[in-house]
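Now that you have both chains on their own, put them together as the hints suggest.
Same order as they appear, the protein sequences are chains U and F.
Going by my numbering, the first sequence opens with residue 43, and the numbers climb by one from there.
Going by my numbering, the second sequence opens with residue 2, and the numbers climb by one from there.
One should not assume that every hint holds.
[As the list claims (entries may be wrong)] Quick list of the computed label-pair ranges, beta carbon to beta carbon:
#, chain 1, residue 1, chain 2, residue 2, range
1, F, I486, U, H58, 27 to 37 Å
2, F, R449, U, S186, 12 to 22 Å
3, F, L500, U, A130, 20 to 30 Å
4, U, K53, F, I334, 37 to 47 Å
5, F, M313, U, H108, 35 to 45 Å
6, F, G340, U, K71, 39 to 49 Å
7, U, S62, F, I476, 42 to 52 Å
8, F, P496, U, E55, 32 to 42 Å
9, F, Y146, U, H143, 32 to 42 Å
10, F, I429, U, I249, 58 to 68 Å
11, U, L98, F, R449, 26 to 36 Å
[Stated by the list, open to error] Partial selection, computed: residues in chain U whose CB lies under 7 Å from chain F:
#, residue
12, Q68
13, G73
14, Q80
15, F84
16, V94
17, A177
18, T232
[Stated by the list, open to error] Below, computed lysine-lysine pairings styled on DSSO-like, alpha-carbon distance capped at 27 Å:
#, chain 1, residue 1, chain 2, residue 2
19, F, K409, U, K71
20, F, K105, U, K53
21, U, K71, F, K345
22, F, K28, F, K16
23, F, K15, F, K409
Just so you know, the hints here were simulated from the structure itself, not pulled from any lab data.
No residue lacks a Cβ here, since even glycine has one placed at the ideal position from N, Cα and C.
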Amino acid sequence: MKQLTKDGFVKHEVAHHFESADQEFQTAKLGMWLFLGQELLFFSALFVAYGVFRFLYPAMFIEAHHHLSVNMGFLNTIVLLISSFTMAMAIRSAQVSNKKHTFVFLLITLVCAGMFMVVKYMEYAEKFHHGLLPARWFFGEGTSEVLHIFFGLYFCLTGLHGIHVLIGMGLIIWLLIKTQRGEFYSEYYTPVEMVGLYWHLVDLVWIFLFPLLYLVG
Amino acid sequence: MTHVVDKRSFYEVKKGFMSWIITLDHKRIGIMYLVSVLIGFGLGGLFALALRLELITPDKLFMADKVYNQAFTLHGVIMVFLFIIPSIPAAFGNFLLPLMLGAKDVAFPRLNLASFHLFLFGALFLVLSVFLGAVDTGWTFYAPYSIYTNTSVIAAVFGAFIMGFSSILTGVNFIATIHTMRPPGMTWFRMPLFIWSLYATSILQVLATPVLAITLLLLIAERVMNIGIFDPALGGDPVLFEHFFWFYSHPAVYIMILPAMGVMSELVTTFCRRNIFGYKYIAYSSIGIAVISFLVWGHHLFVSGQSDFAAMIFSLLTFLVAIPSAIKIFNWIATMYQGSIDPKTPFLYFVAFVLLFCIGGFTGIILGSLSLDVNLHDTYFVVAHFHYTMMGGVLMGFLGAIHYWWPKMFGKMYDEFLAKIACFLIVIGFNVVFFPQFLMGAKGMPRRYHVYDPEFQVYHVISTVGSWVLAVGVILMAYYLIQSIRKGEKAPSNPWGALTLE
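The following block holds chain F by itself, in its conformation from the complex (with noise of 0.2 Å):
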């Protein structure tokens, strides 16, 4: 807390397992959000792991069909509400955003260390259901499945309805942080565009999770008291949830998407040595995401039964997402053009990042498209879809983050051939993943089936030897880091040559 006069890194000031986990730091704070979604990752990474080798058979191999259905479950439920909701915003963005705007701290320390305490108490419900009978309702919980089965329904819905909480708070506090909170000189068009992305997250995290709150609860009150409101035998309404649901995880995915485009409008300006192309486009483009974010998520309920006109509408408005995001896009191209390019490992995840997303995103607009979707929704090609875009475009943009922000967190440097290795291991293995997965997508491979058509094996094949390639990039990544943390040499102030405050 006392870093204006003390020369000892953060790290040193005070010692103990005590002084982390009640610490007002929000670098402390940010720190104990990395290793935490770290571990996340590993184990939405591990039942990735062991769902692609169950598949790499048409009939079953290891898992039988429940235990296939709360395997996926548990990947996607530990994916995005351990993992990437809170990944980039708030590791990088409690770690960054106080001094990458000049204050001393976030607007509410407490507020923000109660956050990270919920964030924990919702993952213990979380693991807690995994031993209650892990739920095997996919992780959108759709009604009335989720109301009828017999799996730990509750304690996994509790635990997600928690750690909404958290993003919820954390959001509260980095806007009011950005309004009240900026040094005099430090006006609305100086703030780095890392921060235009992270207030645009705070606007939805703000105004879209309470309502996946509230329905979580009212999933939880039909459990237990039958309320009648979802459930069709007692005159309810399935379709009712999953408005409810995706009105909340629309914005989600661009929570999840927001920031990592702020990460990359820093790499590109430091890796390219040239300022930022179209600051304001790029600035504006990441509220008009938030703004249109709010208005798109029928697009999943195309074949749900929603009017045809509800249908055409939510269409139009998916395919104006893609105008800010290309916006970006372009905008960071131009800012490599003629610039001195320096290919370290941060680039190359930008690069990665810009290919992938793109493929993310045009797959996006077919998929928007309700003639095409009728016949890909539900099918793998959905699955490619949305990896290339969250793991295509928010994993690399975490990856980036890690890499680019290493030496400023931990003071220390890692090995950068090992890095470049890695990158090419996960990018590659990435691509001979989820590319594969397009092909029998389209051609009517369906989604969350443990047993397929043998037809289709020879791209489960492909897919599943591509997850070993991902997993030991992955693993020679934590190799090199934690080397880099037992080892490594001491980071120079500014070992990228960058132009930015923090």
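Same shape as in the complex, but just chain U (with noise of 0.2 Å):
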């Protein structure tokens, strides 16, 4: 049977291989570290060919980003700002051991991140009708004879990024479900802080991907 603090929450017992509590956190986030430094590097080859075709093809990028709504990609901006914010909240709320407060943030951050794909899913659907879309089922009308590379690398960066958001949904469901057994307490709130992280950064690609996308011109 797990052991309970005073407080209520499931004491959490520091796995065989480490020393103290201290040592398996400053571990967990160093390897959280590394992990989202593979991450960026994952997303940088994507911004290479994006900087490589918008230097072979100016023109057709300052035309393809007009087929781009700037309000839709405005719109999720400002809800995975609200997220992150939110998110750091949680922690801080698993810091002071304050369950109810990590919950009712933790739930706001996984709602800001549903809004996000139902918007991203409407800007979908958009291009999908007006075919927009990668060279094989490109139907879409423009000037240039290679629009389809915009929405080649349009599609890849934000499906990758979207798959990111889907994840993060996946982690922060799971973090809910923990939080609500009340495993996190001011003494071990790692999982939280990690996911955090790991929010912060899926944050931070989509700020470089608005305007990258959206803003050309």
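Put into structure tokens, the structure is as follows:
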């Protein structure tokens, strides 16, 4: 049976191969930062590809960005920024053992992530409707002959980012369940902080995607 | 897991297939990797023998051209992704890193197991791709051919993609372990040099592999939905693929060689009964190689249409890699000086490594020179060069490691006499295979052709005969190692009189 702390939280047991809870926390944090490092490089090739083709076909990029809705992109940027704030607040709440606030803030983060995906869905649906797709299915209208490259990049970049948002949503649901069980308190909140770091990275990628794709020109 | 109070070895604590496949014990995970990479080595070796046999005549012997293309692709893909990359870091790294460091396990044991499962899963996709119509693009998957060939590029590439994540997660695990799990007293400059080399390797795995992952993903996207960034017919740039690919794959050759160099630093101290000469320089040179290796990928593109200026810079940076590599070689030789040398089998592999790696390294300088590379590009000279580094370097390191740590890992001794014979056969066979390839490459024999000008036949025949000698050596080794597990004598706790920590 798991031990409970006097405040009713599930007492965290340090894994056998660590000396102390602090060592365990620091190790997890370093591991997470390394993982984020590889995430950055994972996205980097796409950004390089973006740069190369922007350089090769500058006029096409300016034409292509008129097909994207700045309003929707802006809305999503705001939604994600709010979610980043609530995520940070959730970590803060876990640090001070406030179970109720942790839960509420995580829930708001999850709702924001969901909203982001709904807006993304609407944008995608519109692109599908107008045939602004990668070359295999492209039937959009435009003056440039290589318009499909922009949309190839657009779907790769936003698609990969969207998958990261979905994974983040899964992780937040996992956190919600664990929060409800009372596993996070002032002495153990590692998973909340780690998912928080991941979530901020997902935000950060979008912060770059929004101007690069929607605000060209 | 409970070795502290338990006197039994880690083999005896739990038994049965499931106790292995879901273990969190780094030693068992290391052994499972070892078995997997040995299977990979065997498979890749069979393809190599078949290729050499086909090349014994200038015309078709038993493979059609397409089959030949598939066979050399599979040889490359299997050897690179299933054998060399995971060989030393995943198998010996997992087994030895916590022991050498004085930690109870790696930082994230669950993640470690997940890496192994990912590795198996990726391997499964590679095997699957063989049955769905084996890839014929060469292990580099160059666009645009890889976009249009009707072989199962997607399955093979997806397998490599998954194995890439196995490699990344192992790297994350090792770096976190080395940073945070060192016990008090184990300072950075008291760490064994093998750990330094694993540290440098892990940096490369974490920072380079994701670029390969996204490149392969983009290649899949290109095949599925024609995103048009690599396909010139759609306005894309195939050279971009080469840049992306080599941004990973050049550091990857150091992912392969650095751990082997780490093994060499351990072997030379043990068998010369001396402390390592220039410890700090060897440690720093590992990091130096790791850093420079990120900046040299363009030397694979000298004839792919990059600018002359870029090619000059890449050529210069390529020469720079020779400096930290030479620092290691000189320090090892200085360590041997006045040592009391005990030429046991692992030490023989050390000597083989130094000799063969020097040949591989020097020919690398030749290929790094712009004017020479234009002539030698895509000839057998290149093939011989990278086999001298990969096989003469990494494989010798791997075999040295197997023989050195065998008693530690399996608790049994092997037949020293047979081991020496096998070592001689392997080293001699290897040279007979690949030295003639330098000669025919310099004379203009292009790589990846199965029908060739009869003037080169004599070299090909020598090379093929060498491959048989090599194979006999490997089979002999397999024989005495299996014998050792079945009825070898029990190993003493310190068979080599080493002063190391594990």
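Inset, instruction - For the pair supplied as a hint, K15 (chain F) and K409 (chain F), confirm whether the alpha-carbon distance does not exceed 27 Å. - result: holds, 19 Å
Inset, instruction - Would you mind confirming whether the straight-line C-alpha gap from K105 (chain F) to K53 (chain U) stays at or under 27 Å? - result: holds, 23 Å
Legend entry - 27 to 37 Å as the expected CB spacing between H58 (chain U) and I486 (chain F), which holds or is violated: Check passed, 30 Å falls within 27 to 37 Å.
Legend entry - CB-CB spacing for I249 (chain U) and I429 (chain F) relative to the 58 to 68 Å hint: With a Cβ separation near 60 Å, I429 (chain F) and I249 (chain U) satisfy 58 to 68 Å, so the hint holds.
Legend entry - R449 (chain F) versus S186 (chain U) beta-carbon gap, inside 12 to 22 Å or not: With a Cβ separation near 38 Å, R449 (chain F) and S186 (chain U) fall outside 12 to 22 Å, so the hint is violated.
Inset, instruction - Report holds or violated for the interface hint on F84 (chain U), using the least CB-CB distance to chain F and a cut-off of 7 Å. - result: For F84 (chain U), the interface hint holds, since the closest Cβ of chain F sits about 4 Å away, which is under 7 Å.
Inset, instruction - Let me know if the C-beta of Q68 (chain U) comes in closer than 7 Å to any C-beta of chain F, holds or violated. - result: holds, 5 Å
Inset, instruction - Classify the hint on Q80 (chain U) as holds or violated, based on whether any CB of chain F lies nearer than 7 Å to its CB. - result: With a closest approach of 4 Å, the Q80 (chain U) hint holds.
Legend entry - Outcome for the supplied range 26 to 36 Å, where the beta carbon pair is L98 (chain U) and R449 (chain F): Hint holds: Cβ distance 30 Å, inside 26 to 36 Å.
Inset, instruction - Verify the proposed pairing of K409 (chain F) with K71 (chain U), using a straight-line Cα cut of 27 Å. - result: violated, 33 Å
Inset, instruction - Would you check whether G73 (chain U) satisfies its interface hint, that is, whether its CB is within less than 7 Å of any CB in chain F? - result: holds, 4 Å
Legend entry - Pairwise beta carbon distance, L500 (chain F) to A130 (chain U), judged against the given window 20 to 30 Å: violated, 50 Å
When each numbered hint is compared with the structure, violations occur for hints 2, 3, 4, 9, 18, 19 and 21.
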